[in-house]
Amino acid sequence: MGVKLFSFVQFSSAAFRRTIFDGLSFGFLLAIALLVILKPGDEQMLDMKTNGFVFSGLFLVSVLISLILNKNGIRTLGEHIFEPDHKKGQQIETSWYYTLWGWQLVILLLVTFGVGLDKTRFSLNELLDEDGFDGAVRLFNGIFHPNFTLLPKAILNIVETIFMAFMATFLAIPLAFVLSFFCAKNIMKGPFLFSIYLFLRTLLNVTRSVEALIWAIIFSVWVGIGPFAGMLALMIHSVASLAKQYSEMVEAVSEGPIEGIQATGATQMQTIWYAIVPQVILPYVSFTMYRWDINVRMATIIGLVGGGGIGTMLIQYQGASYVARSWLYYLSDCSCRLDFGSILSSITFCPQVESLACDFDFLSFLSGFKIFFCC
Amino acid sequence: MQALQGVSFDVKKGEFLVIIGLSGSGKSTLLRCINRLHDPTSGEIIFGGKNVAKISGSDIRTLRKKVGMIFQQFNLIPRHSVLSNVLMGRLGSMKVFPSLLGLFTEQDKKNAMKYLQLVGIDDKARIRADQLSGGQQQRVAIARALTQDPQILLADEPVASLDPATCHTVMDYLKKVNQELGITIVCNLHFLSLVRQYATRVIALQAGKIVYDGSPHEIDDAWFERIYGVGAREVHIN
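The listed protein sequences correspond, in order, to chains H and W. 1 is the number of the first residue of the first sequence in the working numbering; add one for each residue after it. 1001 is the number of the first residue of the second sequence in the working numbering; add one for each residue after it.
Only chain W is shown next, with the shape it has when bound in the complex (with noise of 0.2 Å):
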């Protein structure tokens, strides 16, 4: 079985792309073949001029440096404080035994405060990361991939297990990084409300295959049908 056949797009720099599909389309799929945290058995993923899709190795880490990503489950370190969680964005860039003795410079300390500051949760930086909120993980998390001074953000329905307000504060962090840091955001969303709100080109998968590609404000209840199949209804969030 393939999780994806004859998927092809490009994206721009400092775009806002947003996947959308049913569970089970092939959308998380997608986005890990692009870090290589699945690994694609054939085609191409072209990432700054350079076939991604046969790396291995150290090349990969390379890439993964360049490639920040967050997740539904926000993946952080329970046990860790925000700041030490957010200065794990370092690691790639990091010699291996000052790393695993916690020897971060003093700009990186600086850099993970800025950005900890631009999600506002600076005034976390010193508590454990399980307890916060879910939507305040999130924000930890995506300090921690901004830390790593991507060019690109993937995010793997980042607001799946959030509650509708807390959706949107954690989709305004994600908008602000596009536009104020000019990073390119390629995110996989459940919710047609919030596609429309914050993407500047959607994309739409079935069963692995491309069926839109396009603007958000032109899917239509026709084109809704045909992606997310007959007798679907639309959920919004306000």
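Bound conformation, chain H alone (with noise of 0.2 Å):
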């Protein structure tokens, strides 16, 4: 049977990806279906082992089920997606109506929304609620009159994010902006130089999926709770950002100028100012006018964590009510212990870093951040 199964899937990389998509969404929908007829506990539903395995072998089934479909000719959602160029514009058009990866859309995204209200607990009762609805107003009310004597320290905290968000942004361009060569593929031709485009476009990926906040986290360890560490990590995320667009933009010049240019027997460097860097100047400013743009906003989050600024006041102030108050409490519960010496040593590949202890207790810094702001 597993010959049978294989001999007919041919291993094309469009016949995998159907598969893999159907086994994906059908798995899913077959999932659902387990929940909402078994509707475990959970206990039952933390239960990772045994979970893995029922989803591995409603994976399995669903495979095969868009295997046999398929081969019976009959057209599955992944089928619809991923089908080769060469097999295009044979079949008959018929209406979504009559086809089964019509439904299978249809139904994979009805129930995905009604999972979707069950995740997040949608509520009409709730957001009606006369109590929480006057909570509402009142901290509305107090946008509207605000308390005035706080305002000169606000001043001075704004001009200090807005500081933060700048210096964040005129140290990133230099960088990403030679950084944006290297990571351009057009460019880096030749096994050596390919090679450090992998690592640097792999670097700048690990780099840009850490969060701007865990960044601050992490610098407010290295340098200190204030805008320093807001600064560093703002701008490790925008060199990351701005590199990779930067880079793409790089990847998407018109090769003539190029060639103009290499024709008169110019060097690398030369064309890449003289070819290259015309073509890509106007979208390298708006792009980076945009990432300032996120850097200020990003900027006040980040003092929620130690970065300075507007944020930390905010935090400060209301670290004295109730709402900041059970928000740190969550965070100290959920999180537990963050292990930094793991993370840094993942971050930059380098074991020793680990070793150097700076196991870092997220608990106690919460807590250090509470009596530090709420006194």
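Just so you know, the hints here were simulated from the structure itself, not pulled from any lab data. Nothing false has been slipped in among the hints.
Some chain H residues judged to face chain W by a derived CB distance under 8 Å, without partners named:
{"no.": "1", "residue": "P257"}
{"no.": "2", "residue": "T264"}
{"no.": "3", "residue": "A266"}
{"no.": "4", "residue": "Y274"}
{"no.": "5", "residue": "A275"}
Lysine-lysine pairs mimicking DSSO-like chemistry, simulated, CA-CA at most 27 Å apart:
{"no.": "6", "chain 1": "W", "residue 1": "K1054", "chain 2": "H", "residue 2": "K189"}
{"no.": "7", "chain 1": "H", "residue 1": "K189", "chain 2": "W", "residue 2": "K1095"}
{"no.": "8", "chain 1": "H", "residue 1": "K185", "chain 2": "H", "residue 2": "K244"}
{"no.": "9", "chain 1": "W", "residue 1": "K1050", "chain 2": "W", "residue 2": "K1209"}
{"no.": "10", "chain 1": "H", "residue 1": "K185", "chain 2": "W", "residue 2": "K1054"}
{"no.": "11", "chain 1": "W", "residue 1": "K1109", "chain 2": "W", "residue 2": "K1124"}
{"no.": "12", "chain 1": "W", "residue 1": "K1066", "chain 2": "W", "residue 2": "K1114"}
{"no.": "13", "chain 1": "W", "residue 1": "K1066", "chain 2": "H", "residue 2": "K189"}
{"no.": "14", "chain 1": "W", "residue 1": "K1114", "chain 2": "W", "residue 2": "K1013"}
{"no.": "15", "chain 1": "W", "residue 1": "K1054", "chain 2": "W", "residue 2": "K1013"}
{"no.": "16", "chain 1": "W", "residue 1": "K1209", "chain 2": "W", "residue 2": "K1054"}
{"no.": "17", "chain 1": "W", "residue 1": "K1066", "chain 2": "W", "residue 2": "K1012"}
Here a beta-carbon is modelled for each residue, glycine too, at the ideal position from N, C-alpha and C.
Reconstruct the complex from the two isolated chains, following the hints.
This is the structure we're talking about:
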């Protein structure tokens, strides 16, 4: 059976993708059906081992379903999406109403929406609840009746925040500018340069996937709580994001001017400067402005975890209120202990870092925060 | 698949050599091998007594300094001025740092203006290159190639994206460059009427092989059919 099954898959990448997609989508539907029918308790839901087995089984069953359906000429959604080019346009045009893939898509969307309603505990009751609504009105009232005695301090903090964002962007520009050319496929040709390209791209992806908030926590341990830590966190994140956006612009430049300059006997450096930079400079400017915009916004949030500026002041004053306290307790409960040594070592790919004994206790960090701000 | 096979010919100094052939017959590949924008897999290309088919790195740049090239799509830098575009012909002869700062010498600027005058476009020197018409852009490209002080000028279908009238202007300037400055020209062309008017010698390529090598005036209808295939009709540009 197995051999026969795989002989018609033919291992083309389109068939592979189709099968994986169908496996996941049918598997998802089957899993939801199973959950609705069995209604497992909390304990069962947390049992990763059994659940993992069940879901893998459902996935395999779904893969089988997909293979059998496609073998019998019934188009699944996966086939419809990942159909190879040479097969396109050979089907007779029919309304989606009469196709399996159409209904698969509709049911998939509806079920996902339903699960979404359940998972976000969507409730019109809560939204229209009178007590809750009064609370929101009170808060809004507060916004329109500010306490002006705090204004001078707030202004100073806002200035600090804006300059954090400015410095982060300003320092990120030259770094990202240089990196962008090393991260562009059309420049890094040849095995040696391409391996540098791959390394830098991976490094940037990892850096970017670590939220600026986490960078702020790392830097507030490194250089101490304050605007400097926030600025560094924003800068790291900006470099990673800008370098990626910049390098994609470099990859999209037209080849003509490059050849034109190369044909004059120019070096690689001169070619980049005269043929590529004029083509990318405008998108660079617009990306940079947008990044500054993001940084100003992020600088506020980063203040919440010790990055300085208006965010720090905000959490300081919220700290006195019930809301903030419950938020902090929630964080300290669910995040438990974060092992910062291992996070750092995995980010830097440097096992020595782990042994630097920078084991950082998130709980004590937060309680330190609470003492710091609430008194 | 080989783009060119057994292609062998000499180009004499001061010649206006035109290469003709169908699209895909290897004309562009041939031209681009000469200044090493393409790397030939085997064979020899002798330029100035040196085999340039296997050189690399700075040797390629030295070669390209002596070989000017103009392209079908002109390949100017749109955002730079005409003068700045022409000055880029000097990049190969400059040290990297002065060139990145745009520190071109007075002599370079004088030369650039001289060549712009030669192609009759010196009044547009301060205008951005992308504001010129196609024919004007191609003339700027010729001036850029001339500022390199080349011994040979490669022209890859220089008039293919121009209208018939502009075609002749650009070809006239190439002829002027050939006759007044004595620069050898190797040029890809599509139109036989242009070939007869400007070339001193013609090479015809078919599927990567030379099928004709000789005077442009001896290409009659029989030759035309052999080069372009039976049933092809000649297009005249006047």
